[in-house]
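Trainee: So you can see what is in the structure, the chains are spelled out below.
2 protein chains.
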Amino acid sequence: MKLKLTLAFLLSGHLLMAQTSEKLIPYVHPIIGTQRMGHTFPGATAPFGMVQLSPETDTISYELNGKYNPDVYKYCAGYQYDDQTIVGFSHTHFSGTGHSDLGDFLIMPTVGPLKLNPGTAQQAHSGYRSAFSHTNEISEANYYKVKLDDYNIIAELTTSTRVGFHQYSFPKTDSAHIILDMESGIYNYPDKNVWTYIHVINDTLITGYRQTNGWARNRTLYFAISFSKPFTSHGFRNDSKKEVYRGFWGKLNQSKDFPEISGQQIKAWFNFNTSEGEKIKVKMALSPVSMDGAIQNMQAEIPGWNFEQVKADGQQQWETALHKIEISSKSEAEKENFYTAMYHALINPTVYTDVDGRYKGLDQNIHKADGFTNYTTFSLWDTYRALHPLFNIIEPKRNADMVRSMLAHYEQSPEHMLPVWSNSANENWCMSGYHAVAVIADAIAKEHLNGYDPQKALEACVVTARHRNYEGIGDYMDKGYVPDEKSGVSVSNTLEYAYDDWSIAQAAQKLGRDDIYKEFSKRALNYANVYDPASGFMRPRLNDGSFRKNFDPLSTNNQGFIEGNAWNYTLFVPHDPAALMNLMGGESRFVRYLDSLFTMELPDKYFAETEDITRDGIIGNYVHGNEPSHHVAYLYNWTHQPWKTQARVRMILKKMYHPTPDGLGGNDDCGQMSAWYIFSTLGFYPVAPGNNIYQIGSPAIDGATLHLENGQTFKITVKNQSDKNVYVQRLTLNGKDLPGYQLSYDQIKNGGELVFYMGGKPKK
Amino acid sequence: MKLKLTLAFLLSGHLLMAQTSEKLIPYVHPIIGTQRMGHTFPGATAPFGMVQLSPETDTISYELNGKYNPDVYKYCAGYQYDDQTIVGFSHTHFSGTGHSDLGDFLIMPTVGPLKLNPGTAQQAHSGYRSAFSHTNEISEANYYKVKLDDYNIIAELTTSTRVGFHQYSFPKTDSAHIILDMESGIYNYPDKNVWTYIHVINDTLITGYRQTNGWARNRTLYFAISFSKPFTSHGFRNDSKKEVYRGFWGKLNQSKDFPEISGQQIKAWFNFNTSEGEKIKVKMALSPVSMDGAIQNMQAEIPGWNFEQVKADGQQQWETALHKIEISSKSEAEKENFYTAMYHALINPTVYTDVDGRYKGLDQNIHKADGFTNYTTFSLWDTYRALHPLFNIIEPKRNADMVRSMLAHYEQSPEHMLPVWSNSANENWCMSGYHAVAVIADAIAKEHLNGYDPQKALEACVVTARHRNYEGIGDYMDKGYVPDEKSGVSVSNTLEYAYDDWSIAQAAQKLGRDDIYKEFSKRALNYANVYDPASGFMRPRLNDGSFRKNFDPLSTNNQGFIEGNAWNYTLFVPHDPAALMNLMGGESRFVRYLDSLFTMELPDKYFAETEDITRDGIIGNYVHGNEPSHHVAYLYNWTHQPWKTQARVRMILKKMYHPTPDGLGGNDDCGQMSAWYIFSTLGFYPVAPGNNIYQIGSPAIDGATLHLENGQTFKITVKNQSDKNVYVQRLTLNGKDLPGYQLSYDQIKNGGELVFYMGGKPKK
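Chains as they are written, first to last, in UniProt numbering: chain C, 1 to 764; chain B, 1 to 764.
Just so you know, not all the hints are guaranteed correct.
[Claimed, not checked] Simulated crosslink set (DSSO-like; lysine-lysine; CA at most 27 Å straight-line):
id: 1; chain 1: C; residue 1: 763; chain 2: C; residue 2: 719
id: 2; chain 1: C; residue 1: 242; chain 2: B; residue 2: 241
id: 3; chain 1: C; residue 1: 242; chain 2: B; residue 2: 74
id: 4; chain 1: B; residue 1: 242; chain 2: C; residue 2: 241
id: 5; chain 1: B; residue 1: 242; chain 2: C; residue 2: 74
id: 6; chain 1: C; residue 1: 241; chain 2: B; residue 2: 241
id: 7; chain 1: B; residue 1: 67; chain 2: B; residue 2: 172
id: 8; chain 1: C; residue 1: 242; chain 2: B; residue 2: 330
id: 9; chain 1: C; residue 1: 67; chain 2: B; residue 2: 242
id: 10; chain 1: C; residue 1: 241; chain 2: B; residue 2: 67
id: 11; chain 1: C; residue 1: 67; chain 2: C; residue 2: 335
id: 12; chain 1: B; residue 1: 522; chain 2: B; residue 2: 486
id: 13; chain 1: B; residue 1: 368; chain 2: B; residue 2: 456
id: 14; chain 1: B; residue 1: 763; chain 2: C; residue 2: 242
[As the list claims (entries may be wrong)] Which bits of chain B does chain C cover? Going by a derived footprint, with three or more residues having C-beta under 8 Å, they are:
id: 15; segment: 210 to 222
id: 16; segment: 238 to 244
id: 17; segment: 288 to 300
id: 18; segment: 316 to 327
id: 19; segment: 355 to 361
Keep in mind the hints are simulated off the structure, nothing from the lab.
Glycine residues also receive a C-beta, built at the ideal position from the N, C-alpha and C atoms.
Modelling step: build the complete structure from the supplied sequences, incorporating the hints.
Mentor: This is the structure we're talking about:
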């Protein structure tokens with residue numbers, strides 16, 4: 001044991017040296033995906049940072065005349081590349097989501113007459129927003145710079161994990177303002193602000209909090225602001241509706257005299273005199289626990305005022321993270337796609353603990369994380385597929401902490417369930433399934449058990465999967481499927497539960513719990529109960545066992561599926577494609593089905609229904625912009641035509657990812673789309689997280705070196721690869737032929753070399 | 001030193017034995033003051049308890065059709081004796097205030113069809129409220145019992161310091177309900193509830209919180225409920241206005257399935273089956289810190305289910321507190337008045353720390369009280385006069401903790417000011433002056449310095465008194481008075497500041513700070529700057545130094561005074577009545593002025609203006625129902641006619657206090673009215689807190705024994721006292737004649753005997 005450790009250390013020492021010194025940040029373009037549907041943000045953040053400090057180009061209200069405002073969807077991440085104006089810089093953003101929240105603590109520097117409303121894009125000068133142009137904009141990992149044309153202010157942003165750092169270069173003026181707009185937010189709507197508070201402690205230190213009832217119902221985020229220079233004066237505005245005691249005895253004139261203000265809708269501003277080019281720096285520390293916690297986070301992470309140092313420290317974190325996979329490619333575009341995908345893959349989930357380990361739990365009490373970092377922002381329906389499996393290769397310790405965070409969630413959740421979509425100590429129940437179990441099963445399969453008891457983790461999975469009154473699980477357990485009457489997405493639920501149950505069974509088997517293995521292996525077969533042999537599709541099934549009469553397998557509207565149609569979802573048996581193939585009538589029909597999925601022409605009326613993606617997000621009827629089909633291209637590996645997997649994967653990589661603002665074919669979904677890209681570019685993909693098998697596809701690079709936390713390196717060499725040579729001719733692992741178009745995690749974790757020999761013709 | 005201590009212990013041991021074993025609780029009638037203007041509550045509380053568990057007979061909205069609803073004023077304490085129905089039992093109440101708040105966590109037991117609205121007094125059966133009658137009502141110190149006629153339920157209430165304990169005896173039924181109405185509150189108005197939360201942890205344990213924007217702007221109170229018997233089922237109702245994600249994905253059906261609910265307006269109910277007479281017990285623990293804190297408070301204070309024991313423990317606390325003053329009187333009514341006054345004097349301020357010492361501070365952060373109990377509910381404009389001076393005799397350690405709480409308030413307050421009227425970690429700025437300084441000065445004068453640095457305390461007083469932008473202090477410092485233009489209550493402010501400044505000067509002198517002594521002794525003379533020799537009254541003065549033209553010394557409307565007219569306020573120079581007498585033209589005119597104050601007939605139109613009091617609250621033009629004149633009856637002691645003080649005091653005692661529900665002539669004001677009664681009944685009164693002198697009045701009893709915390713006893717013997725014999729003929733202290741109608745604190749604290757020789761004729 002000792003010897004092993006020592007060896008590992010030696011190796012790791014050796015490998016650190018082995019890492020190339022090439023800077024990878026130049027290949028990262030956070031701007032990718034900021035146009036149209038990507039829903040990424042261009043601002044600054046550290047890997048998995050609590051702070052995502054980024055410009056808002058608009059803050060559209062969720063409601064317009066009391067109705068849902070479809071435009072709000074564009075602003076899930078606060079920024080749209082085509083916009084001409086910037087409203088300000090806020091400190092929290094989701095990366096690539098379809099629903100949204102956050103946008104906390106908008107800060108905007110201005111000069112001249114004080115304006116307190118953002119104004120509109122149509123009438124920019126009606127408010128404090130400023131015009132900007134992309135020519136004056138720099139967007140890097142952990143660094144963002146832009147010129148605010150209306151004010152001749154250069155704004156620069158960087159961060160540490162919990163602190164946002166603004167550096168504003170002002171012109172000479174006696175009327176510089178820094179506005180703190182607590183009314184602004186992403187996916188805002190009337191009364192989303194529950195309560196807000198600002199406390200001016202002195203002329204350089206401000207604290208406060210924002211409590212919202214949004215996608216997270218019971219959310220409070222605390223802040224502490226520090227200015228590098230004392231303000232000369234400050235002011236408050238309270239736009240809240242009447243409060244009985246607001247002006248009690250006329251003593252509470254909150255706009256002056258008093259150093260604190262609270263209310264539902266409040267703003268503050270701070271005034272400065274500046275010389276030409278004078279830099280005013282602003283640190284904004286966040287805490288999920290308290291204002292004291294925010295001050296503590298600031299003191300711990302950024303005690304001083306050296307902007308360049310903070311930027312360099314954060315970028316060094318990125319370099320270290322990016323270097324875990326070093327690729328070689330003749331294509332700059334390839335490197336830009338790849339390292340930007342790496343960047344987008346390492347933003348969510350986000351740290352949700354103060355530096356002292358305290359965090360708010362699902363029970364709305366304050367807890368202390370004992371020996372781990374607590375995370376939030378779990379978009380699990382998306383990320384269980386490829387993102388967490390990727391972490392199990394390049395960030396296993398972090399992923400184990402994410403598992404511990406999910407177990408803490410389970411312990412603290414009033415429903416005693418693992419997270420579905422958790423955000424800031426709240427559960428929003430978004431999407432279907434209970435895929436936290438797949439993330440846990442995958443970690444157990446790969447033996448990343450740092451600091452948690454796998455038996456307890458298994459119990460959490462089982463209790464969650466037996467939660468009878470959640471989303472038709474009771475019927476699912478009794479009948480083997482979720483009846484159409486019980487849920488609008490009964491088929492998706494049945495299929496996803498079946499896969500999740502299989503992953504539980506795998507973990508149970510590994511942990512020697514034969515009872516659980518049997519129970520959930522049986523449940524894992526339930527996918528078959530919603531397969532309709534007559535139509536050849538998975539199809540909504542009624543209580544009485546019959547299939548729903550009117551049924552359109554091309555439609556995604558009320559057909560029993562979520563973010564997908566029957567054509568795509570019918571292939572959702574990732575844990576047993578072979579059995580699915582038989583169910584669907586054998587190999588030849590299965591291949592025909594896959595072929596037509598990619599080649600058919602989807603009529604426009606059906607495209608119109610398809611959520612979250614652009615026209616480019618579809619290939620035939622294959623929807624890459626949504627997740628349910630992310631494994632589909634790899635299913636040819638279960639047939640005798642694996643070369644079709646290789647061709648399809650390369651086609652998807654080419655068609656769906658570009659190193660441009662509009663380069664993402666759909667929402668990045670907290671890194672899942674990027675993780676798919678990373679795996680597929682490397683040449684393999686985890687079709688069924690929960691086991692150790694990856695399916696071989698077609699690498700789009702000339703080679704890669706994976707630096708593992710255990711000190712091992714796994715080398716991928718790709719010979720004769722080109723846009724034409726997408727077909728695998730031969731595969732060797734450590735010099736020996738690798739059969740079966742499969743790779744196992746064990747073969748990676750022990751290090752070694754995988755060599756792809758590529759050619760222009762399918763190897764039949 | 002050692003010897004001294006030992007002696008003290010011996011004495012104290014001796015004195016404990018010396019205390020009579022007579023039960024005093026039978027003389028306590030919490031119901032006194034619950035009719036009309038007393039604003040006391042009849043429910044259960046421990047001395048200074050965090051919980052005041054009491055019935056609401058109505059919860060009137062602060063607003064009616066968008067306008068102030070004058071009826072809300074009657075319900076400052078939630079209960080009006082004349083009402084016929086009880087809405088439920090809530091856990092927090094102010095005692096005797098004029099503005100109000102609280103009424104948190106209303107619980108109502110019912111049987112039969114579930115009703116979730118309280119209904120109205122006019123249509124009782126339209127809601128869950130129940131009829132009751134005083135014949136089925138018992139109201140004792142820390143015990144309340146009533147029969148809910150509509151449901152045939154016997155409700156009993158008792159408390160510990162932080163936990164309310166309900167005991168409900170149900171009839172036989174399969175439809176018993178316990179309703180938790182989080183929408184209910186005192187001085188409620190739309191949007192006063194900012195956010196509320198209920199978490200059903202299991203079938204006997206519930207936690208949650210209520211966040212309000214009321215008289216306290218930023219207030220959150222947390223709770224934990226424990227049932228003695230598991231409920232069979234529960235339900236939620238969310239009456240909040242639309243929330244975008246309330247029913248997200250249809251999974252958040254908060255009325256069932258889910259064990260938690262949050263929103264602005266929510267209710268919960270818990271269902272039980274009961275046998276005839278079955279008792280269901282409910283413990284409700286409070287915390288200003290967290291739900292965990294509430295659970296911890298419950299476990300520490302009431303781990304079990306023995307209602308009788310909890311009641312007995314709380315009543316023993318009351319017996320110990322009441323026994324600090326043992327009186328002898330031939331009159332039962334006298335004893336009822338006196339011990340009910342003692343009871344009302346020992347309710348506010350209230351404990352505001354969890355059992356672990358944690359509390360929320362004015363800065364909205366959580367703090368830990370280091371070696372003291374933190375208190376809130378400081379109605380200082382009222383209570384600096386007699387209540388805190390009373391504590392300095394019978395509760396000096398507690399009073400020192402109150403001083404420490406005020407210093408913590410100062411440290412944490414964004415305004416860096418001592419409390420004006422503080423409530424639940426918030427400042428509401430109610431009334432005039434900065435009388436915390438008088439409370440601190442009085443504690444320093446009496447050398448009750450337990451655990452705080454008097455120099456730091458003095459600094460807090462000085463900083464507060466120099467807060468230029470608070471309520472005209474800047475002008476007051478510059479001009480020597482608050483100009484009429486600057487404040488609607490400029491004269492009250494000037495007079496009260498001058499007195500407060502004098503008290504600061506006394507503390508400074510005692511602490512050897514000659515600089516501060518000089519500065520504030522000079523400020524203490526400012527009262528003279530608002531005296532108008534022409535009219536002979538204190539009078540609003542303009543910026544230019546002239547007095548306001550149109551001026552009505554009888555009116556309390558916009559005359560520059562608060563809760564008083566010029567006639568009364570002109571006498572507000574408690575720190576130097578002799579100088580005031582000269583200012584007003586010498587003794588004979590001063591005596592005439594005092595005589596006419598008590599004897600003149602105040603025209604009804606002026607009475608109509610007088611706040612907070614009943615017709616009986618006025619004697620001539622002397623207003624006892626409000627505080628500014630509480631010292632006035634004692635001012636004859638500065639003339640050669642002290643017997644008039646003796647006669648007036650006895651007349652006020654007789655006229656203003658009765659052992660009946662309508663027995664209080666005005667709001668009890670957190671115990672100030674009661675403290676006046678206690679001092680005056682004992683025969684002396686602190687006209688100027690901040691020095692050690694009490695003015696002799698006329699004792700209304702035959703004797704009293706004061707048990708001091710230092711182990712000493714001070715005995716008062718009154719010979720030949722009766723309703724006729726109200727005049728002091730002779731006074732001896734420890735056998736020697738006591739001259740000058742004055743008694744000092746030092747003469748009390750060292751123990752001894754004061755003998756009054758009374759007679760039917762003034763001693764001229």
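Trainee: Straight-line Cα separation of residue 242 of chain B and residue 241 of chain C no greater than 27 Å?
Mentor: OK: residue 242 of chain B and residue 241 of chain C at ~17 Å, within 27 Å.
Trainee: Just to be careful, I want the Cα atoms of residue 67 of chain C and residue 335 of chain C compared with a cutoff of 27 Å; is the pair within it?
Mentor: violated (44 Å)
Trainee: Next pair to validate is residue 242 of chain C with residue 74 of chain B; report whether the Cα-Cα distance is within 27 Å.
Mentor: holds (23 Å)
Trainee: Can the restraint linking residue 242 of chain B and residue 74 of chain C be considered satisfied, given a maximum Cα separation of 27 Å?
Mentor: holds (23 Å)
Trainee: Does the alpha-carbon distance linking residue 763 of chain B and residue 242 of chain C stay inside the 27 Å limit?
Mentor: violated (61 Å)
Trainee: Apply the coverage criterion to the segment 316 to 327 of chain B and chain C: a residue qualifies when its Cβ sits closer than 8 Å to a Cβ of the chain, and three qualifying residues are needed.
Mentor: Not satisfied, violated; 0 residues make the cut.
Trainee: With a cut-off of 27 Å on the C-alpha distance, tell me whether residue 241 of chain C and residue 67 of chain B pass.
Mentor: Judged against 27 Å, a Cα distance of about 15 Å means the pair holds.
Trainee: Check whether the Cα positions of residue 368 of chain B and residue 456 of chain B lie no farther apart than 27 Å.
Mentor: holds (19 Å)
Trainee: Examine the segment 238 to 244 of chain B for residues whose CB is less than 8 Å from any CB of chain C, and state whether their number is three or more.
Mentor: holds (count 3)
Trainee: CA of residue 242 of chain C to CA of residue 330 of chain B, is that 27 Å or under?
Mentor: Given that 27 Å is the threshold and the Cα spacing comes to 56 Å, the pair is violated.
Trainee: Quick one: see if chain C covers the segment 355 to 361 of chain B, three-plus residues with Cβ-Cβ under 8 Å.
Mentor: violated (count 0)
Trainee: Between residue 522 of chain B and residue 486 of chain B, does the CA-CA distance stay at or below 27 Å?
Mentor: Distance ~22 Å between residue 522 of chain B and residue 486 of chain B Cα, so the pair holds.
Violated hints for the displayed structure, listed by number in ascending order: 7, 8, 11, 14, 18 and 19.
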